[in-house]
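Student: Chain by chain, the residues:
Number of protein chains: 2
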Amino acid sequence: MSTSREIHLASRPQGWPTADNFRLVETEVPTPGPGQIVVRNQFMSVDPYMRGRMNDVKSYVPPFQLDAPLDGGAVGEVVASEAEGIKPGDTVLHGLGWREYALLDAKAARKVDPTLAPVSAYLSVLGMTGLTAYAGLLDVAAMKADESVFVSAAAGSVGSLVGQIAKLKGASRVVGSAGSPAKVERLKALGFDAAFDYHDGLVRDSLKAAAPDGIDVYFDNVGGDHLEAAISSMNLHGRAAICGMIAQYNATEPPAAPRNLALLIGKRLTLRGFLVGDHGHLRDQFVQDMSGWLRDGKISYDETVVDGIENAPEAFLGLLRGENLGKMLVRV
Amino acid sequence: MSTSREIHLASRPQGWPTADNFRLVETEVPTPGPGQIVVRNQFMSVDPYMRGRMNDVKSYVPPFQLDAPLDGGAVGEVVASEAEGIKPGDTVLHGLGWREYALLDAKAARKVDPTLAPVSAYLSVLGMTGLTAYAGLLDVAAMKADESVFVSAAAGSVGSLVGQIAKLKGASRVVGSAGSPAKVERLKALGFDAAFDYHDGLVRDSLKAAAPDGIDVYFDNVGGDHLEAAISSMNLHGRAAICGMIAQYNATEPPAAPRNLALLIGKRLTLRGFLVGDHGHLRDQFVQDMSGWLRDGKISYDETVVDGIENAPEAFLGLLRGENLGKMLVRV
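One line per chain: the protein sequences are A and B, in this order. So the first sequence is numbered by the numbering used here: it starts at 1 and just counts up by one. So the second sequence is numbered by the numbering used here: it starts at 1 and just counts up by one.
These are computed hints drawn from the structure, not numbers from a lab. From a predicted model like this one, the values you see are computed outputs, not experimental measurements. Check before you lean on any hint, since a few could be wrong.
You can't tell identical chains apart in this list, so a pair holds if it fits in one copy or across any two.
As a list, the in silico BS3-like pairs of lysine-lysine whose alpha-carbon atoms are at most 30 Å apart [to be verified]:
(1) 267 to 169
(2) 267 to 58
(3) 87 to 144
(4) 298 to 267
(5) 58 to 144
(6) 267 to 107
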């Protein structure tokens, strides 16, 4: 097989993206130069942050280019190598998803062991997703035992791990919000002490009912009314780790903003944005903790898998609409 | 003289307070019981945070009571004492302002030395005001040398010290905003590298012009559009110490809120509210630094003094309207 397919950005979305913003393109399977490898991708990740990269604005990662392949986390099998230390058959994690075959410098790939865990886990619970949950909760928000934790988008890949890690680390109460009754049920099955559907009334009221004694830590994946509600419910010296604000990624108007920031003063609250890339120093500790929890059956993780590179745009759109339970992946 | 006058809260303000919310009341000069002292107040402080205490809401300090004297920082001379270690003639700092004579437990007063500095300084540069600036800038926002600093309400008592301390601690650039051309001139005289009148166009534009390379630290006394502008101008890993939000203390509508909090994520920003009361451990270091700077003529401080307890409400209203330069005090 000498043909590879990949997804290009055909146009920049205004507001919610549609299938028309993407294009499936056929290309040749590349040949590696010195120091390079070719990987046949098995799974690729779609993530909310990719929506921001579809805008032509300066940010912490450069915007996607028009008429060029998108990129993002992927895992696959090496099929050709001109690099020392990596051979065909190895499984590697790398950053060139959205395509069937990836050509990259071997230095940009990390070998993973497919016998320790399903390879998809390196994109979710054992990968960036897991480390995001772990670092945001324990490092950025500095959760301590006996504290009360709230996480939004809690049935998503990061949120569901945040809640479970919080319980494992001794949180007194863990509350999650999600977007459907089925997700709320799933959160309860995962061990959340309380969960609510954010469509059922004001988030502020739902949170106060779910955490009557207030919260000490908020892990924010949503922004807007969720952040406002969290600030309202925070106890003295509360901390919010700001991981994402999916509520506003597709907004064409200025987004809703918390009106109660003055509470930061009297309650001495801290809001802190973070990117997982700044917390690589926690990786070893994370892998050790998470591997142990997985081995002992203490952590569950959900994956929603869509088949075929041609369906990657639809998987991404479904993610933005909240159709995933846990990690949204494309089996390439 | 056996009569003392004090200011009572006659009614709770809705929106901007007026003179009608206050009442001047004559009472007897009290007599101290065991362990108590009576202080003839010389100066009392009016502060923005007092506006919040006029509302009947739970907060970090209890609300003022109707038909009872207001309170707040004051300094005066002991005229009667039934407490060990404090004698008539001593000068003390305490929390019962808004009255000519104060009766209090000696434990609630702190002796100060009137020969080291004018007694009013213990309410401003050497007191809570100075410590607020010092702790917020150096501890909460953790300003380091060669960083760029923005402070709002910069001609106020706290703001003018923030800017000067930042320069003394090696800030690469210090920018202040204020509410009149005269205040802007004063900031330049105090050594600010740039200053602007927030009435002149959008704060966001003025700040970008004044700090074209961005800011690392924001000391917030205002909230709203100032905070939004600061977030916009912040460099990676920027920090905001949230000290006050005077822009919204009198608001009857939900206040303007920063619409750009999603920038916290990519820029890894931190917003942290604080109260000076949590930073008492810095007092010794603060007094040592500040006394040295004052002795060496490296810090200037402004006071706006209103005479007469009967004019204390007007002093407070003037403070909210921004009529003060530096610390607003009432000479009792």
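Student: Please sort residue 87 with residue 144 into within, between, both or neither, judging by C-alpha distance up to 30 Å.
Tutor: Cα proximity of residue 87 and residue 144: none, with 44 Å in one copy and 48 Å across.
Student: As a check of your reading, is residue 267 near residue 107 (CA-CA no more than 30 Å) within one copy, between copies, both or neither?
Tutor: between (47 Å within a copy, 27 Å between copies)
Student: Please sort residue 298 with residue 267 into within, between, both or neither, judging by C-alpha distance up to 30 Å.
Tutor: This pair counts as neither: shortest intra-copy Cα distance 34 Å, inter-copy 34 Å.
Student: From the Cα coordinates, with 30 Å as the cut-off, is the pair residue 267 and residue 58 best called within, between, both, or neither?
Tutor: So residue 267 and residue 58 pass the 30 Å test across copies only (11 Å; inside, 34 Å).
Student: If the cut is 30 Å between Cα atoms, do residue 58 and residue 144 qualify within a copy, between copies, both or neither?
Tutor: between (36 Å within a copy, 27 Å between copies)
Student: Under a CA distance limit of 30 Å, which applies to residue 267 and residue 169: within one copy, between copies, both, or neither?
Tutor: Answer is both; intra-copy 24 Å and inter-copy 28 Å each pass.
Going down the numbered hints, you'll see the structure goes against 3, 4, while the others check out.
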